[in-house]
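Visitor: Those sequence lines, one after another, are chains Y and X.
Positions 1 to 105 (the working numbering) are the ones given, in order, by the first sequence.
Positions 1 to 76 (the working numbering) are the ones given, in order, by the second sequence.
Everything labelled a hint here was simulated from the structure, so no lab data went into it.
Check each hint, because a few of them may be wrong.
[To be verified] Chain Y is nowhere near these chain X residues, computed Cβ spacing over 10 Å in every case:
no. : residue
1   : P2
2   : E22
3   : K38
4   : M62
[As the list claims (entries may be wrong)] Simulated restraints, written as ranges between beta carbons of each label pair:
no. : chain 1 : residue 1 : chain 2 : residue 2 : range
5   : Y       : K9        : X       : E22       : 39 to 47 Å
6   : X       : E6        : Y       : K47       : 38 to 46 Å
7   : X       : K76       : Y       : E25       : 40 to 48 Å
From the three backbone atoms N, C-alpha and C, an ideal C-beta is built for every residue, glycine too.
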Amino acid sequence: MDINEKIKKIISENEVCLFMKGTAEAPQCGFSMAVTNVLKHLKVNFKDVNVLEDENLRQGIKDFSDWPTIPQLYVKKEFLGGCDIIKEMFEKGELGEFLKKKNIL
Amino acid sequence: MPLPLEEIKKLIKESIPDATIEIKDLMGDSNHYSAIIKSEKFNNISKIEQHKLVYKSLKGKMGNELHALSITTEGK
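Produce the entire structure from the sequences given, and follow the hints as far as they go.
Guide: Printed below as a string of structure tokens:
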């Protein structure tokens, strides 16, 4: 399957989807860990997609989102941002609000 | 390969001339930075678009030579 098709499939099948380095249980990078912690704190169920297991995916998700860094959070197929944006939204209380609005929380 | 702080500032300034940039080398290793960037270009666009403007100014270095730059952007 083409990498873009694969990514589209992943984000269609998972309402909240975090492309990250490592897994939710064992993040391999501080930025991925920070976003994981925010999602766990908000008690959000999310799909962790480990880009370190697939070099095509690691580059593919950067191209797909036009975003050069990992982690990347998708909610209902919408790209929400990387670590800085997610942390900022969380600190301002906007992330919880957004997830409620999307009927995730 | 580390990227010097002044080089980052220069690249951002080239693309976003009115930017005010506060940048810190967090570990003193020219590899982990944190920056607060303010520009009129950020007015009325989403956070994602703001960050993309900064990433674009770094011309592909983000995620390559530049390992870690956390960004806070604001309009002015």
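Visitor: Please go over all the hints and tell whether each is borne out by the structure.
Guide: Outcome of the hint check:
no., hint, result
1, P2, "17 Å, holds"
2, E22, "15 Å, holds"
3, K38, "14 Å, holds"
4, M62, "4 Å, violated"
5, Y/K9 <-> X/E22: 39 to 47 Å, "41 Å, holds"
6, X/E6 <-> Y/K47: 38 to 46 Å, "41 Å, holds"
7, X/K76 <-> Y/E25: 40 to 48 Å, "42 Å, holds"
Hint 4 alone, counting from the list given before, is not met by this structure.
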